[in-house]
Amino acid sequence: MTVTVYVPRDSAALAVGAERVARRIAVEAAARGIDVQVVRNGSRGLFWLEPLVEVQTPLGRMAYGPVDADDVPGLFDAGFLAGQSHALGHGPTDKIPYLANQERLTFARMGISDPLSLADYQAHEGFAGLRAALALTPAEVVQQVLDAGLRGRGGAAFPAGIKWKTVLGAEAAQKYVVCNADEGDSGTFSDRMTMEGDPFMLIEGMTIAGIATGATQGYIYVRSEYPHAIATLNEAIQLAEAGGFLGADILGSGRRFTLEVRKGAGSYVCGEETALLDSIEGKRGIVRAKPPLPAIEGLFGQPTLINNVITLASVPVILARGAAHYRDFGVGRSRGTLPIQLAGNIRHGGLVEKAFGVTMRELLYDYGGGSASGRPIKAVQVGGPLGAYLPESKWDLPLDYEAYAAAGGSVGHGGIVVHDDTADLSKLARYAMEFCAIESCGKCTPCRIGSTRGVEVIDKIRAGQNRPQQVALLRDLCNTMVHGSLCAMGGMTPFPVLSALDHFPQDFGLAVPDREAA
Amino acid sequence: MTPGYPDPIPADEPLRVVREVLERRASDAGALLPILHELQDRLGHVPPDVVPEIASALNLSRAEVHGVVTYYHHFRSEPAARHVIQICRAEACQAMGADALVAHAQQRLGCALHGRSADGAFTLEPVFCLGLCASSPAMTLDEEPHARMTAQRFDALVAEAGSAA
Chain H
1 MTVTVYVPRD SAALAVGAER VARRIAVEAA ARGIDVQVVR NGSRGLFWLE PLVEVQTPLG
61 RMAYGPVDAD DVPGLFDAGF LAGQSHALGH GPTDKIPYLA NQERLTFARM GISDPLSLAD
121 YQAHEGFAGL RAALALTPAE VVQQVLDAGL RGRGGAAFPA GIKWKTVLGA EAAQKYVVCN
181 ADEGDSGTFS DRMTMEGDPF MLIEGMTIAG IATGATQGYI YVRSEYPHAI ATLNEAIQLA
241 EAGGFLGADI LGSGRRFTLE VRKGAGSYVC GEETALLDSI EGKRGIVRAK PPLPAIEGLF
301 GQPTLINNVI TLASVPVILA RGAAHYRDFG VGRSRGTLPI QLAGNIRHGG LVEKAFGVTM
361 RELLYDYGGG SASGRPIKAV QVGGPLGAYL PESKWDLPLD YEAYAAAGGS VGHGGIVVHD
421 DTADLSKLAR YAMEFCAIES CGKCTPCRIG STRGVEVIDK IRAGQNRPQQ VALLRDLCNT
481 MVHGSLCAMG GMTPFPVLSA LDHFPQDFGL AVPDREAA
Chain Y
1 MTPGYPDPIP ADEPLRVVRE VLERRASDAG ALLPILHELQ DRLGHVPPDV VPEIASALNL
61 SRAEVHGVVT YYHHFRSEPA ARHVIQICRA EACQAMGADA LVAHAQQRLG CALHGRSADG
121 AFTLEPVFCL GLCASSPAMT LDEEPHARMT AQRFDALVAE AGSAA
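Those protein sequences? They're chains H and Y, same order as listed. In terms of this note's numbering, the first sequence opens at residue 1 and continues consecutively. In terms of this note's numbering, the second sequence opens at residue 1 and continues consecutively.
Calculated from the structure, these hints are not laboratory results. It should be emphasised that the depicted structure is a prediction, and the values quoted were computed from it without experimental measurement. Think of the CB as a built atom: it goes at the ideal place given N, C-alpha and C, for glycine as much as any other residue. Take the hints with a grain of salt, since some may be wrong.
[Stated by the list, open to error] Label-pair ranges, simulated between beta-carbon atoms:
1. S61/Y <-> A139/H: 42 to 48 angstroms
2. A26/H <-> T150/Y: 24 to 30 angstroms
3. D99/Y <-> T4/H: 41 to 47 angstroms
Work out the full structure, taking the sequences as your base and the hints as a guide.
Set out below in structure tokens:
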């Protein structure tokens, strides 16, 4: 009898030796004359357990991790192929509390299926959304997305259905669907996991978007730092075309949609949608003024639907299970679920998909298990390098776009970077300005020059030169950047800077009461 | 041949490659980035003297092509060493000791960021996020990801790659 063993192919598993583990399992099985099939699945998102090896047993899939190649003979000796116990064993994978307590809609298949098996994908609800969409009119598909309350998961949280409706209503011979897979925010990896671990879901979401808006050509703009994601997507696109899920006649419907992967080139600002469009057009990624909206005049001047990976990947489940099913998760105007990414100095870092409304404290301690270093957590940065640093007093807010905005922060792409009490927030504030100086596209002066001046001013504050004056200057500079920049690069760099200054004045050598005066 | 450098490319090779690539791709929509990627993948860098050829095929000015090549961090105008190490310096990795890893790497390789190791075999660069933020600190060696890095693991990787060179 063949035993199926799963060893993830996700970059985060490869980065800690999954390839060697997979090879060792095959070698060991052959040496022992055991028939083992090794499936390279995506990651479950429990990264502290990677490489997480799973074995299919009559009792379900049993988890072992983190497995080093040298642990493999011992696992065979212990009878892991029959799900026997071992020091690295965690019992049935889906009973691990970290996973069992999640609400996985978008990530339902993640780590379970073989990312490049069309059969496996369809055995797990794959293409049910596309089939449902093909039975509807374009306007009805758009209505489903509107009714689900889906908002842009890339960070701006703009209602996805409104964009879809605008592109549907735009008249043009050629329209485009563009997927923003330029996931450059530190602390985020849900796009990467999707492309590497469940690429057909993104392809399905984009195909539905094409059908709904009348676009026949799609582009996925993936950052160059993700070579494995690019390779997996390209392979998945070929398989989907061969299977009739992409191409000139999708599932015999007569509808056309083709997809192409475009590789970025290491520019952070190309994650901004208009800069991204310029980059696909072969130009420097410079931010465009809006209007015109990309939905009216986007890629190559044509109506273009541009959405983030997770936004598009959330569409298949909405169409498959209905808008109401999705909308019933979440709170307030933040509907559905968010694949949250726990990163940085956290014991149990990984992917936690939950309905909106979960608190930071639950995420940090119930899921994350506290800091990796064992020291107290001092600050968390939510929403990437342009997100605010939140102190403990803000950790009981519900994770919800409006609640975070009201607290001066942003949910962004759902990335949470944890810092312990050794972190120096003035250094991190300086880094935010330095990063902006490196990555600014240069179009807006407050961003291009202001970021460099910001580094200098923070250096003076840190060195204790005319501190009160320099703090006033820094606030004034931040105000200019917020109001004088076209996009979030210059417009939001002040968020981490000012939140660090407001919540952690002692790190800038300021007396704590200064916070009230500010 | 200089130790540590990739095998030398014949002098007329870049022009032959660029013409072949342009022939195949010049008429694609938004062709410039895919063309530059293919050139860099095949030649190891985008030689400045092929810029006029690209500009003419795409009906762009040389300044426009030069602007694109130099705007994006990924494109190189000069060849890198045989091995390229990129260490993530973004916030999640900073929270787990990326600065110390960078300092160790600089000391071990005997060069600064953006520099070439004392033995010429490694180019050391910073990178901003590899998407391995729950397994920090992270780096790549010749595009292959490595996470939960320590100084010891770094030394082992460098020794392994160095001896294979």
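Each hint tested on the structure:
1. S61/Y <-> A139/H: 42 to 48 angstroms: Holds, since S61/Y and A139/H (Cβ atoms, about 45 angstroms apart) stay within the stated range.
2. A26/H <-> T150/Y: 24 to 30 angstroms: 28 angstroms, holds
3. D99/Y <-> T4/H: 41 to 47 angstroms: At roughly 43 angstroms between Cβ atoms, T4/H and D99/Y fall inside 41 to 47 angstroms, so the hint holds.
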